[in-house]
Amino acid sequence: MTDFHVDVIKSADYAVLRSHGYINNLGGEKIAEECYRMMDQSINRFIVNLDGSKVVNSIGISILIEIIEKVMEKQGRLAFSNLTPTIAKTFRIMGLLQYAELFEDESAAARIFQTG
Amino acid sequence: MDVFLTVPMIPDMELAVSKTADALSDYTTLTPDQIDEIKQALIEACINSMEHSKSADRRIFMHFAVFDERIQVQVSDHGVGFDVSRVETPRIEDKIGRKTRKRGWGLKLISHYMDEVSIQSGTTGTSITMTKRFKVRGKDSNHD
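Read top to bottom, the protein sequences are chains S and H. The first sequence begins at 0 in numbering that gives the first Met the number 0 and counts up one residue at a time. The second sequence begins at 0 in numbering that gives the first Met the number 0 and counts up one residue at a time.
Pulled out of the complex, with its shape left as it was, chain S reads as follows (with noise of 0.2 Å):
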């Protein structure tokens, strides 16, 4: 089994979670499990750097999804940041991008979250 974590940095009224590690079912619900514990703490708006996952798989991408639907019904806002091209590429393909931003690098999103 490979070895996952998230780290959390929790702002005053948004987190940013780095993952690390191949996303498939394990991983996915390691973030869910991380956005819905913000989410308990009113935390509704997130930036998912995903700048130490290089890999990823479309069970581990559903459960993002689940989690995109979460942060919609309690009209938050979610952010993916430090994707490599294949990652970014997969997620247009899945549509994720029509629920959810992307940016360049964690700063980018932060700038922008910090702003609105």
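Incorrect hints may have been included.
Which residues of chain H face chain S? A partial, calculated answer using Cβ under 10 Å [to be verified]: (1) GLN39; (2) ILE42; (3) GLY96.
Below, simulated BS3-like cross-link-like pairs (lysine-lysine); rule was C-alpha separation at most 25 Å, straight line [said to hold, decoys possible]: (4) S:LYS53 - H:LYS18; (5) S:LYS88 - H:LYS107; (6) H:LYS131 - S:LYS53; (7) S:LYS53 - S:LYS88; (8) S:LYS88 - H:LYS53; (9) S:LYS53 - H:LYS98; (10) H:LYS134 - S:LYS29; (11) S:LYS29 - S:LYS73; (12) H:LYS98 - S:LYS29.
Hints in this document: simulated from the structure, not taken from any laboratory. On a predicted model such as this, the values are computed, not experimentally measured, just so you know. All C-beta atoms in this analysis are idealised placements derived from N, C-alpha and C, irrespective of residue type, glycine included.
Got chain S; can you put chain H on it based on the hints?
Just chain H, lined up with the frame of chain S:
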């Protein structure tokens, strides 16, 4: 060049399979992004077998073949098969905001990432053959 690989259906074995694509790419002119796309397609093909085949031997059989201008990978299992004609193309609009399962993207991703895909499936198993083309080495060279 042909490489044959058999792997057990155990968690994360798809990552080991994808490394074979990495190794073979040294013998092609595939770009790093094209290699990543093949790896993604392989991961999806493997997890489809693991998730849906109900194979008794719990094994995935792979045949990698590298030609001058293409790489072809056949991923097979000895599972129960499925009706290819009944596979629906997933759309996120049908999945988000509805109480439907979010999964079922594997074949769509494979089709996007590979140039040719064919699936043979029956009661004795499924075989998916995927081809990615690449530039023939030296073909566009202006040197005489």
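Here's how the hints hold up against the structure:
1. GLN39: holds, 6 Å
2. ILE42: holds, 5 Å
3. GLY96: holds, 6 Å
4. S:LYS53 - H:LYS18: Satisfied, since the Cα-Cα distance of roughly 13 Å is no more than 25 Å.
5. S:LYS88 - H:LYS107: holds, 13 Å
6. H:LYS131 - S:LYS53: Cα-Cα ~21 Å, so holds.
7. S:LYS53 - S:LYS88: holds, 13 Å
8. S:LYS88 - H:LYS53: violated, 30 Å
9. S:LYS53 - H:LYS98: violated, 30 Å
10. H:LYS134 - S:LYS29: violated, 40 Å
11. S:LYS29 - S:LYS73: holds, 20 Å
12. H:LYS98 - S:LYS29: With Cα atoms ~21 Å apart, H:LYS98 and S:LYS29 stay inside 25 Å; holds.
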